[in-house]
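K.L.:
Each chain is listed here by its residues.
There are 2 protein chains.
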Amino acid sequence: MQIILLSGGSGTRLWPLSNDARSKQFLRVLPKEGSPETESMVQRVTRQINESGINADITVATSLAQKDSVTSQLGDRVNIVTEPSRRHTFPAICLACEYLAKVKGCNEDETVIVMPCDPFTGKGYYRAIELMAESIQNSECKLALMGVKPTYPSAKYGYILPEKPLNEEEGQLLKVVKFTEKPSVSEAERLISEGALWNAGVFAFKLGYLLSMSARYQQHDSYEEYVKNYESYPSTSFDYEVAEKEKSEGVVPFNGYWKDLGTWNTLTDELKITEYGNVTTDGTASNTHIFNELNIPILVLGTENLVIAASPDGIIVSEKSKSENVKHYASHLKSRPMYEERRWGTYKVIDHVEFPDKFSALTKQLTLNPGASISYQRHSCRDEVWTFIDGEGEIVLDGERKPVKRGDVINIPKGQMHALRAITSLTFIEVQHGSNLIEEDIERFPFEW
Amino acid sequence: MQIILLSGGSGTRLWPLSNDARSKQFLRVLPKEGSPETESMVQRVTRQINESGINADITVATSLAQKDSVTSQLGDRVNIVTEPSRRHTFPAICLACEYLAKVKGCNEDETVIVMPCDPFTGKGYYRAIELMAESIQNSECKLALMGVKPTYPSAKYGYILPEKPLNEEEGQLLKVVKFTEKPSVSEAERLISEGALWNAGVFAFKLGYLLSMSARYQQHDSYEEYVKNYESYPSTSFDYEVAEKEKSEGVVPFNGYWKDLGTWNTLTDELKITEYGNVTTDGTASNTHIFNELNIPILVLGTENLVIAASPDGIIVSEKSKSENVKHYASHLKSRPMYEERRWGTYKVIDHVEFPDKFSALTKQLTLNPGASISYQRHSCRDEVWTFIDGEGEIVLDGERKPVKRGDVINIPKGQMHALRAITSLTFIEVQHGSNLIEEDIERFPFEW
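Protein chains in written order, with my numbering: chain A, 1 to 449; chain B, 1001 to 1449.
Everything labelled a hint here was simulated from the structure, so no lab data went into it.
Given the structure is predicted, the values throughout are model-derived calculations rather than measurements.
Ideal Cβ positions, reconstructed from N, Cα and C, are used throughout, including at glycine.
There's no promise every hint is true.
Here are the computed lysine-lysine pairs in the DSBU-like style, where the Cα-Cα straight-line distance is at most 30 Å [as the list claims (entries may be wrong)]:
#1 B/Lys-1358 with A/Lys-402
#2 A/Lys-247 with A/Lys-259
#3 B/Lys-1149 with A/Lys-322
#4 B/Lys-1322 with A/Lys-348
#5 B/Lys-1405 with A/Lys-322
#6 B/Lys-1272 with B/Lys-1228
#7 B/Lys-1358 with A/Lys-405
#8 A/Lys-414 with B/Lys-1402
#9 B/Lys-1032 with B/Lys-1259
#10 B/Lys-1245 with B/Lys-1175
#11 B/Lys-1405 with A/Lys-405
#12 A/Lys-402 with B/Lys-1259
#13 B/Lys-1402 with A/Lys-358
#14 A/Lys-259 with A/Lys-142
#15 B/Lys-1206 with B/Lys-1272
#16 A/Lys-272 with B/Lys-1175
#17 B/Lys-1414 with A/Lys-414
#18 A/Lys-348 with B/Lys-1414
With the Cβ distance kept under 10 Å, some of the chain B side facing chain A (calculated, not the full set) [said to hold, decoys possible]:
#19 Val-1300
#20 Ile-1429
#21 Ile-1438
Excised from the complex, chain A in its bound form:
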């Protein structure tokens, strides 16, 4: 069995702890049952899949911006399919299926489960997924969905109306009668009274089923060609393109705990820990969650029903019930990502100044993981000054190698080719300065260490 985990989406609703590169599913704040540790949504869902006993390979479909976060948090436990541009769930699922077929050599009869990584659920959810997979192999059903028992008439979910069940036992596949995407609240009330379920965004099908959908838009021998021609797929959702049109389709109802942790309000409801990072409170703060990713202290005195979060991107202080509105502001506040987890380690922007003549300086603290390296590159518009403050590594400057260690200062003028490799964990301060400080000012070259 193959599982495709969808990990895309941009991170405005949990600003400032999420941004384009680090969306909500990478925040390491969720409690881990029976452990004082915390984990992120992608870490939780992959752990739960393994613990559920489902015997499946996991492939994460993600964006270029988030690829390094997936690698950093999940390592070799998963395959990664990177969308060359941000489109919708249908193209992302097609690309992942072509990867399974062309790169992993999966059989067309193999069951594929597509699932999001952000709902907060328990074991029953994975039993429902197993039932969906069984239905695909043992019934006429070509596409199986998961239907969550609604708890209120929400206008933000899709509704699936199933055939009346013969008996009220959970865990049976029911035929789908109708789909309704994001109805009004009153329509949602009527749908719920008729027995409709929320569309959980979990799908099961045989690999060949989706490959034939993909073939309508492009057919190639190699996976790379599908990546290159990614724009050939329509930018539509899987629900719209596939689920709403399929006639031979069933839904497995799921009545257990299921929660979308998409907003500060719903996320903090699940967190037993209320303080993350350098936080001091006077003990009178009630229902207040505080997240501090800055290296300066946060002091909180006597507040109520607040979420407070600080990162190099910014600071939010919000009454919890208002926190959903962050999405209206975050995109305006966004400048450049101030903190990123990359395949080679992490960096944070510690200072950014722009002068009236547009010359600017960006100062970062970077840490390369032992053994990791930054590609051989040069910049045409900026100089970089690296002051090494911890660890040992090797630098290449215009082809010449030399060791670097704590205390060394390297001045890299524009145009100079440079690469860096960490032997031990290597930390340095980088001052970039120039007239056009954009991430795109970079030319990469092959280099063999």
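Starting from the known structure of chain A, arrange chain B on it as the hints suggest.
P.N.:
Just chain B now, with coordinates in the frame of chain A:
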């Protein structure tokens, strides 16, 4: 007439916008009548003195840590007396009086007014001060105090019980019957019913009066000797050492607006502007004051009765009525000053890392004002890397001068002598790294530019 403005005290109650070097009286947040500009408490009180028509020279008595802030905010308009160590108001006032006598050559008969710089008041306050000064010259009274009409039985002020006035006119000198320092609330109620007044901490006397008090502890020919032997004075308050003991003493009642802006709660009451710095709100925040001295945005959604303040020292989010409790926490949260206004310009700490072996790196962004210079110095435990990102200046390295400008990188290893002078406003990023990064690791040498 001579005015001694007391500007000492450490800044824990308005943390994180105040610290040892920048106490509450330097925050530029107060509204300036008839102007969109804001000013600090020291700027406000000196402006008000000038506008009141009082013809007096102003001498600010301050600590070493705050001297540069006074210079930066008041410039040449005031004399500055720097306490060599932090003691109490009696020694500070003695030293300032010795300065007036020995350095400024003031006559022993000249009137001296001592006043704090933190109460928020209006014109009537300065009229009361003029009356105090007149009483000193035209009556038998040796020490005149100001008594503020109490508005509630506070346990945090000193109470002065005057003789019953012959008539209820304001602005007359009354004989002092009794002093009570910080009574209980019930005792305060009784005192108020008897007609007691709050001690405003404003004093008037002839210079010779205080010089004779000072002479009990030390007598020298030069001011420098008083500075050198500052510890000879007892570390007690002026109230205790002088005011409570003086028999020939009067108090001028003042019944106008007078408010101690010492806490976030009382300070924000006076501020018409509710947002300072890079702040975004959703328009539903009520009675919320937000101060942002960081270069990242703060977003505030739907909060009530909060004060939010962020600086390189830290972040506070407090229910306004609880904000006074910051004093219990600020000293523990304090690390090193993260932002300072110095005589040569400003600096802020943008990053600080310490490794397990105690090696650490401190990164600062510094701006020297045009014409300002940093003294000729060397460090024995740290290297410094300076990357110039704006302006032009001149650097001296082991005696050799050379020009510096935007884009230049200067590596200053430990032991190397260096000085820097700005021609235009000069901004650079400094990375300090070494095993013992303390401000005291500095040896200064004379240098003629």
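K.L.:
Against this structure, judge whether each hint is valid.
P.N.:
Hint check results:
{"no.": "1", "hint": "B/Lys-1358 with A/Lys-402", "verdict": "26 Å, holds"}
{"no.": "2", "hint": "A/Lys-247 with A/Lys-259", "verdict": "29 Å, holds"}
{"no.": "3", "hint": "B/Lys-1149 with A/Lys-322", "verdict": "44 Å, violated"}
{"no.": "4", "hint": "B/Lys-1322 with A/Lys-348", "verdict": "34 Å, violated"}
{"no.": "5", "hint": "B/Lys-1405 with A/Lys-322", "verdict": "48 Å, violated"}
{"no.": "6", "hint": "B/Lys-1272 with B/Lys-1228", "verdict": "45 Å, violated"}
{"no.": "7", "hint": "B/Lys-1358 with A/Lys-405", "verdict": "16 Å, holds"}
{"no.": "8", "hint": "A/Lys-414 with B/Lys-1402", "verdict": "23 Å, holds"}
{"no.": "9", "hint": "B/Lys-1032 with B/Lys-1259", "verdict": "16 Å, holds"}
{"no.": "10", "hint": "B/Lys-1245 with B/Lys-1175", "verdict": "14 Å, holds"}
{"no.": "11", "hint": "B/Lys-1405 with A/Lys-405", "verdict": "28 Å, holds"}
{"no.": "12", "hint": "A/Lys-402 with B/Lys-1259", "verdict": "65 Å, violated"}
{"no.": "13", "hint": "B/Lys-1402 with A/Lys-358", "verdict": "26 Å, holds"}
{"no.": "14", "hint": "A/Lys-259 with A/Lys-142", "verdict": "27 Å, holds"}
{"no.": "15", "hint": "B/Lys-1206 with B/Lys-1272", "verdict": "40 Å, violated"}
{"no.": "16", "hint": "A/Lys-272 with B/Lys-1175", "verdict": "63 Å, violated"}
{"no.": "17", "hint": "B/Lys-1414 with A/Lys-414", "verdict": "28 Å, holds"}
{"no.": "18", "hint": "A/Lys-348 with B/Lys-1414", "verdict": "28 Å, holds"}
{"no.": "19", "hint": "Val-1300", "verdict": "5 Å, holds"}
{"no.": "20", "hint": "Ile-1429", "verdict": "5 Å, holds"}
{"no.": "21", "hint": "Ile-1438", "verdict": "17 Å, violated"}
Violation of the numbered hints given earlier is confined to hints 3, 4, 5, 6, 12, 15, 16 and 21; the remaining hints are satisfied by the structure.
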